[in-house]
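Chemist: Turn these sequences into a full structure, and let the hints steer you where they fit.
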Amino acid sequence: MTELVLFWLFAVVAVAGGIGMLLNLRNTVASALCLVLTMLALACLFVLLLAQFVGVIQVMVYAGAIIVLFLFVIMLLNMERDTLGAETYPVVKVLAAIFTVAVGIKLATVVATLRTPWAEVDEAFGTTREFGQALFTDYVLPFELASILLIAGIVGAIVLAKQRLE
Amino acid sequence: MSEYVGLGLFALLGSVVVAGMLTAAIVLGPKLRFSEKLEPFECGERQLVSPYQRFSVKFYLVAVLFILFDIEVVFLYPWAVVFRDLGWFGFVEMGLFIVVLAAALVYAWMKGALDWS
Amino acid sequence: MDPVLVGKAVFIFLVTVGLFGPVMTWIERKQSALMQDRVGANRADILGLRVIGLFHPIADAIKMLTKEDTVPTGAHRVLHALCPFIAATPALISFAVIPYGGTYTAFGREFNLCVADLDYGVLYIFAIGSVATYGSILAGWAGNNNWGILGSLRASAQMISYEVALGVSVIGMFMICGSVRLTDIGLVQQETFRLFGFLEHFGWIAPGTGWVDAITLPMWGILLQPLAFFIFLGAIMAENKRPPFDLPEAESELVAGYFTEYSGMKFGLYLLGEWTEVVVIAGLVTALFLGGWAIPWVSDVALIGFLSGLVGSDWGNLLAMLVHVGVFLVKLVFMIFFQMILRWSLPRFRYDQVMNLGWKIMLPLSLANILLTGLAMLVVQEVTS
Amino acid sequence: MSVPIFYYQALAAVLFALGVLGVLTRRNVIVIFMSIELMLNAANLSLVAFSRLWGSIDGQVFVFMVMVVAAVEVAVGLAIVISLVRNRDTVNIEDTSLLRW
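So the protein lines, in turn, are chains A, B, C and D. Taking the working numbering, the leading residue of the first sequence gets 1, the next gets one more, and so forth. Taking the working numbering, the leading residue of the second sequence gets 1, the next gets one more, and so forth. Taking the working numbering, the leading residue of the third sequence gets 1, the next gets one more, and so forth. Taking the working numbering, the leading residue of the fourth sequence gets 1, the next gets one more, and so forth.
Hint data in this document are derived by calculation from the structure and do not stem from the laboratory. We put the beta carbon where it would ideally sit given N, CA and C, even for glycine. It cannot be assumed that every hint is accurate.
To be verified - One side only, chain D facing chain A, incomplete, derived with CB under 7 Å:
id: 1; residue: Ala13
id: 2; residue: Leu15
id: 3; residue: Ala17
id: 4; residue: Ile30
id: 5; residue: Ile36
id: 6; residue: Leu38
id: 7; residue: Arg52
id: 8; residue: Val61
Stated by the list, open to error - Simulated crosslink set (SDA-like; lysine to any residue; CA at most 20 Å straight-line):
id: 9; chain 1: C; residue 1: Lys63; chain 2: C; residue 2: Ala81
id: 10; chain 1: B; residue 1: Lys58; chain 2: D; residue 2: Ile80
id: 11; chain 1: A; residue 1: Lys93; chain 2: D; residue 2: Met39
id: 12; chain 1: C; residue 1: Lys67; chain 2: B; residue 2: Arg33
id: 13; chain 1: C; residue 1: Lys67; chain 2: B; residue 2: Leu32
As the list claims (entries may be wrong) - Only some residues are given here: those of chain C computed to face chain B with a beta carbon under 7 Å:
id: 14; residue: Leu65
id: 15; residue: Phe85
id: 16; residue: Phe174
id: 17; residue: Met265
id: 18; residue: Asp314
id: 19; residue: Trp359
id: 20; residue: Gly374
Modeler: Dropping the structure here:
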C-alpha cells in the first residue's frame, strides 16, 4: 500500500517535471530545473525498485553533473535574452502530438502484456557490492570501452569549444 | 526499508525547519519598499552593464572535465567495494581505465583548458 | 512509527542543527578572538547577564528574522526565494547517514546509533552535496547582479572542480573497508594492526615475539590513508567555500559574491548552511578517518563487556552507548575547531591557485593514491596468504 | 511488491513520449538536448524495472552505460551549441540547416 502511494507520488512529480520542461517556453533555466525534479523523482523510483546504488548515482550524475553543465551553458551564452519567437508552426505541432501519442500507445500496448510476477530477491539485491561484482566480471569489456568513449568525449568537447578561442 | 523511514523523517525535519525560517522572515520583516532600495547592489552606483553577458568558455571546459571525471569516480565506487574479491585482475582493469582517463586529463592540461591567468 | 527511530533522528538533528548550527556563530567569533588575542563577542546580554557572549546566537537569530526581505528589481522572484532553500537544506539533511555510535542490545531491544544506515552511506552525502551546487549557481543568476553572477560562476566552477578530487580521494578508504556504508567503515576502524607485523611475515624474526605483538595501531583512516585524509579535508573545505577557499564571496573583490542580493533570513540561511556543513564535514571526517565512535585500542565488544561486568548487561550497554556518543562528539568538536583554526590562519588563495590545486595537484595525487593503495593491498594479501 | 510492473513501464512510456514531443516541437537546441536526456531517463527507468522484475542486476549495469553515453553526448553536444552560438549567434535549430558556413 505504502509502495503504491509512493509510486504515484514520484510518478506524478516525474511527469510534472517533464511537462514543465516542455512548457517553459521563455525560461531555459526553469526548464532545466524541472528536469532536475524529474531526475530526482526517478532516483526515488529506483530506490523503490531496490536499485539503491543506481538511484544514488542517478542523482550524482544527472542532477549533480549533467544538468549543471546545461545551466553553465545557458548562463555562459546568456540564452535568456535570445528571443526565439513562436515555437514552430501549428501544423507541425499537431503532427508531433499525434506521432507522440501513437508512440506512447504503442509502447503501452507492448508493456501491457507483461504479467510476470516480481522475482524474489534477497537483501543484497541492488547493493553496491552486488553491482560491482556484475560490472567488473561480466561487463569488463563495456567498462573498458566506456573509458575510450569518455576520452573521445573530452577531446571532442575541448576541440569544439576551444576553436577560435585564441 | 526501515532506514528509509529515518531518512525521510530527517529530510522532512530539515526542509520544514528551513521553510519555516524562510516564511517567518518574510512574514516578520518590515516592508518598506521604494525603487532605490530595490535596485541591484552596485556600491551605490546605477547598474551600467547588464549582468547577463557571455562568459569565458573556460568555465564550460571545467564543467566538461568535471562531468567526465564524475563518471570515472562513479565507476570507482563499486570497484573499490569489490576490490578484495577481484584481486590482480581488478587492479589491472581499473589501472587501464585510470590511465586512459589520466591521458584525457593530460590532454586537457596541454591544451590549456586548466589554465586560469 | 518506531519511537526509538524518531528519538535518534530528533536527537542528532537537534545536536547538529539546533545546537552546533547556531552556536557556530559564537564559536567562530570566540575562536577568531582567541587567534587574534582579543576578548571577542561578549556584548549581548539579557538583564545584564552575559555568559561569555553565549547570547549572541539568539540575538543573531532575532535580527535575521526581523530584517526586511528585499528582492531586487529584475530578479527572478521564485528562484530568488528557492535558492537559499536549496543551499541550506542539503547540509541540514546530510547528517542522517553518519553513525554516532555502534550497535547495542539492552532491555530486549537493539539500538543502532545511525538514523539511516544506508548501503551507499557516503555516496548519499556526496549526492546531496552535488544538489547543493544549484543553490550557489542560481543565486547570482536569480539576483540580477553583476557581483552575484560572477560569484556564482566562480562558486560553481570551484565546487565542481573539488567534487572530483573529493570523490577520488576517499576511494582508498573504501577499498580497505570493502564497503561504502559508514557503519562498516566505523567497524573496520575499531580493529588494530601490528606495526611491525611485516617483519614476521618476511621471516626476519620468529613468530610470537613479544614486542611485535605489543606495538599496535588502531586502523584509523588517518593512519592508513594519510594522503587521502589531507586531500579529502582540503577538497571538502573547498566545497564549503569557507576561507581560505572563499573566492566566490571574496569581500574585497566581489562584495559578497553570489549572495550579494540576499538580505535577512535568506542571507542567514546561506550562513546556516555553511555552518551546518562545517559540522557535517567534521562528522564525515570523524567517521571516515578518525575512527568514528571508537576509542583507540578498545573495541566495542571489550568496552561493553567491561561495563556489563560492572553494572549488568542492560545498563552496561546503555553506558557504553553514552561513552561512544561522548567520544564521537569530542572528535566532532575537535574537527570543527581544526577547521576554524585553518579558517583564521591561512590567507585566501588566488583563483588560478584554487583551480590548479584542485585539478593539477589533488586529482593526480588522489588517482596515484588509489593505485598505490591497490598495489599495497595486493602485496599484503600475497605475503600474508 | 504491490505495484504492477505495468505501472512502471507505462510511466517510462509517458516520459519517453514527453521527450519525443520535446524534440519535435521545441526549437531551442538546448531544450532539445534536455528532451533527449528525458528519453534516456525513461529508458533507464524501464531497464531498472525489468532488472527488478527478473531479479537480475544486468539491467542496472546497462543503466550505467546509458549514463556514460548521456554524459559524453551532453559534453560534445553542448560544445557544438557553444560553437554554433559563436559563429551564428543563435540557438534556434532552424537556423542551423546549413551543413557548413
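Chemist: A separate judgement is required for each hint: does it hold in the structure or not?
Modeler: Structure-based check of all given hints:
| no. | hint | result |
| --- | --- | --- |
| 1 | Ala13 | 4 Å, holds |
| 2 | Leu15 | 6 Å, holds |
| 3 | Ala17 | 4 Å, holds |
| 4 | Ile30 | 6 Å, holds |
| 5 | Ile36 | 11 Å, violated |
| 6 | Leu38 | 6 Å, holds |
| 7 | Arg52 | 4 Å, holds |
| 8 | Val61 | 5 Å, holds |
| 9 | C:Lys63 / C:Ala81 | 19 Å, holds |
| 10 | B:Lys58 / D:Ile80 | 15 Å, holds |
| 11 | A:Lys93 / D:Met39 | 19 Å, holds |
| 12 | C:Lys67 / B:Arg33 | 13 Å, holds |
| 13 | C:Lys67 / B:Leu32 | 11 Å, holds |
| 14 | Leu65 | 5 Å, holds |
| 15 | Phe85 | 6 Å, holds |
| 16 | Phe174 | 4 Å, holds |
| 17 | Met265 | 3 Å, holds |
| 18 | Asp314 | 23 Å, violated |
| 19 | Trp359 | 5 Å, holds |
| 20 | Gly374 | 5 Å, holds |
In this structure, the hints that do not hold are numbers 5 and 18, in rising order.
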